[in-house]
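**Q** Numbered according to the numbering used here, the sequence shown spans residues 754 to 927.
Honestly, the hints are just simulated from the structure, not real lab data.
Note that the structure is predicted; figures quoted are calculated from it, not measured.
Beta carbons: idealized from backbone N, C-alpha and C, even for Gly.
Just so you know, not all the hints are guaranteed correct.
With beta-carbon atoms standing in for the labels, derived distance ranges [what the hints assert, rightly or not]: (1) GLU910 to GLY876: 29 to 37 Å; (2) THR878 to PHE902: 17 to 25 Å; (3) CYS900 to ALA921: 18 to 26 Å; (4) GLY876 to ALA915: 31 to 39 Å; (5) GLY908 to LYS874: 17 to 25 Å; (6) SER890 to LEU912: 52 to 60 Å; (7) GLU925 to ASP903: 19 to 27 Å; (8) PRO917 to LYS874: 41 to 49 Å; (9) ASP899 to ALA921: 41 to 49 Å; (10) GLY876 to ARG798: 19 to 27 Å.
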Amino acid sequence: MESANLNTDTPKPCAGGCGFFGSAPLDFYCSVCFKKNIGEEEFKRRTQSIKKVDSESLQENISVEEEKKSSVDEQDTAIAKTDILAQTVCKTETEVAATASCEEPVQKKPATNRCYTCKKKVGLTGFHCRCDNVFCSAHRYSDKHDCSFDYKAAGREQLAKANPTVAAAKIEKI
């Protein structure tokens, strides 16, 4: 009977009476009450011993799993490690080259939340135009704010990319 009552799997209320659940390694105190009653140093010592027991059982599980792996898995991991190493070397070389060639940091345009034309606050309801400005609902169309973006040229370029011209071979006359 008593062995069933001492089962550590079922949560027991804190011995300090705070309403939380206590744990067996801390004499059925919660962490706060244990620190108050026993002391900070004892709390650290007991929690470290719990962590050591957990890490030992984890290492045993890992060693069993490692024995099950075959040599093929080891070769795959070795190849993957060399690939990752080669990628990191390439990345660091390109980063060094990029920082050497780019001396001035690029200044990012601060986010505006006012209409470019009437200076009215637009917040999240503002409309971003292709001329890189923000406008209110009254000035959002290109004819209302004298947009500097050339829509005709952009449309022509888009059509040219989407529909390449096919030139037929010239016929030689006899």
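**Q** Hint by hint, note whether the structure agrees.
**A** Comparing the hints with the structure gives:
1. Checked against the hint of 29 to 37 Å, the C-beta distance between GLU910 and GLY876 comes to roughly 33 Å, which is consistent with it.
2. For the hinted restraint 17 to 25 Å between THR878 and PHE902, the CB-CB distance of approximately 21 Å keeps it satisfied.
3. Restraint check, CYS900 to ALA921: a C-beta distance of roughly 40 Å breaks the suggested window 18 to 26 Å.
4. Roughly 36 Å separates the CB atoms of GLY876 and ALA915, a value that falls within the hinted 31 to 39 Å.
5. At about 33 Å, the beta-carbon gap between GLY908 and LYS874 misses the expected band of 17 to 25 Å.
6. At roughly 30 Å, the beta carbons of SER890 and LEU912 sit outside the given window of 52 to 60 Å.
7. A hinted range of 19 to 27 Å is violated for the C-beta pair GLU925 and ASP903, which are about 42 Å apart.
8. As the Cβ distance of PRO917 to LYS874 is approximately 46 Å, the hint placing it in 41 to 49 Å holds.
9. In this structure, ASP899 and ALA921 meet the distance hint of 41 to 49 Å, their C-beta atoms being roughly 44 Å apart.
10. The supplied range of 19 to 27 Å is broken by GLY876 and ARG798, whose beta-carbon atoms lie about 56 Å from each other.
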